[in-house]
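S.K.: Sequence:
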Amino acid sequence: MNSKNFDLPKSKIQLSRNTSLIIGALFFFLGIFDFCLNNFLATNITSFLPRFINFFTPLIFGVIGLHFIRIEFSGIKVLDNLNKNINPSNFNAALSLCIIFLIIFSLPPLLNWFIFDANISGDTKEACTGGGACWVYIKVWFNRFMYGMYPNAEQWRINVTFVAVLAFMAAGFFVPAKFRNYLSLYYTLILPIISFILIYYLISGGSFGLEWVETGAWGGLSLTFIVSFFSLIFCFPIGMMLALGRRSDLPIVKYSSLSFIEFWRGVPLITVLFMSAVMFPMFLPDGTYVDKLIRVVVAITLFEAAYTAEVIRGGLQALPRGQYDAAKSLGMGYWKLHIFVILPQALKLVIPGIANTFLALVKDTPLIFVVGLLEVVGMLNLAKTNPKWLGFSMEGYVFAGIIFWIICYSMSKYSQKLELKYKTDR
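If you read the sequence shown in this note's numbering, its first letter stands for residue 1068, the second for the next number, and so on.
You may find that some hints are simply not true.
[What the hints assert, rightly or not] Taking lysine to aspartate or glutamate and the EDC-like style, the derived pairs with C-alpha atoms no more than 20 angstroms apart in a straight line are:
| hint | residue 1 | residue 2 |
| --- | --- | --- |
| 1 | K1451 | E1193 |
| 2 | K1206 | D1190 |
| 3 | K1451 | D1190 |
| 4 | K1415 | E1377 |
| 5 | K1415 | E1329 |
| 6 | K1206 | E1193 |
| 7 | K1321 | E1377 |
| 8 | K1206 | D1184 |
| 9 | K1455 | D1190 |
| 10 | K1403 | D1392 |
| 11 | K1395 | D1316 |
| 12 | K1403 | D1316 |
| 13 | K1455 | E1193 |
| 14 | K1359 | E1281 |
| 15 | K1359 | D1431 |
Keep in mind the hints are simulated off the structure, nothing from the lab.
Whenever a hint applies, use it, and build me the whole structure from the sequences.
M.R.: Okay, structure coming up:
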């Protein structure tokens, strides 16, 4: 910008910006309009030009429009953010337009299949007469997708259990400040014990006049939550101890932890599940029985603990040596040093990595289908083989995908909130 521009009145600068924005908006919407005409009405506002050029005119109009809109410090916060993220250069503008055109092209048929042409009323396959999704299939099988083969009359027990567990989890957010130092103990020891008792006596039954329900009848989304909940709670402290063990100065502790981590990281989860469900019982003494669900939860916990350990180890290695020396100079021993100084700092650094491991764990739970436990995806695989509902697997997988996306997105947003809350400059 030369010195003459500094002498321009603010009104003229604002007029120039507004003119540029108007021209840019006209060209941008002209490109969008031309693309819509070309795809939905098989026509084009530049049909007089050669066909090869017609194909690119929406992109050309759009890039020209975004070029005029690209104003630095326009004073409009939304526009400045858009320019910064999707319109910093002509190349990025072209990429952004290609994505916009792809959305415009794919959105109408997707909405037609998902909503406008979909069938939701009825109770049989014959009710699905349109070309859209058959949500009747989901409605009819909804209870099975949520509760598996659990008896219909007893499903209230699962609901009560989950409400109670959520209440105990939420209780930690309302404890007085003087007790917050004990929250880690509450969530890693007391809450799992309470949850296990509730699940054993309410969901399993057999006491207080409740009907006994075998774990083989458990299933659907409720089983997904049970497996994920206990695996997440137990894999974190185990992974933390393994990370500390791998950095220990004692050779037996160090190499034992290293061997454990490398073993579990080196085998596929599906193999681990098969071994826990099929092979492990063969090595038990006669008369000894461990429920399949417990074996599967233990297998997933140990498998994910190895990955959690490596994430935490990365945080431990990222801390400068001075933190250790400063804590030792205050007379702190090994455990006090790590509990009050090292681990709080290390865990803050690796919140994204821990969250990523937990998300992978939740998404790995459908693999328990291979050992006969029918969580939500397992129930979908069972339902799609029913002769009365053949041909509707697409709706089932879309339904499961939406459920897992909501769960994982919620966990991801919560991890981002924690990351911002505990963010510190280093």
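S.K.: Would you mind marking each hint as holding or not holding in the structure?
M.R.: Hints and how they fare:
1. K1451 to E1193: holds, 16 angstroms
2. K1206 to D1190: Holds, because 8 angstroms separates the two Cα atoms, which is no more than 20 angstroms.
3. K1451 to D1190: The hint holds at about 16 angstroms.
4. K1415 to E1377: holds, 15 angstroms
5. K1415 to E1329: violated, 25 angstroms
6. K1206 to E1193: holds, 14 angstroms
7. K1321 to E1377: Given pair K1321, E1377 holds - Cα atoms ~13 angstroms apart, limit 20 angstroms.
8. K1206 to D1184: Roughly 17 angstroms between the alpha carbons, so the hint for K1206 and D1184 holds.
9. K1455 to D1190: holds, 11 angstroms
10. K1403 to D1392: Status holds; Cα separation ~13 angstroms.
11. K1395 to D1316: holds, 16 angstroms
12. K1403 to D1316: holds, 17 angstroms
13. K1455 to E1193: holds, 10 angstroms
14. K1359 to E1281: Satisfied, since the Cα-Cα distance of roughly 11 angstroms is no more than 20 angstroms.
15. K1359 to D1431: Roughly 17 angstroms between the alpha carbons, so the hint for K1359 and D1431 holds.
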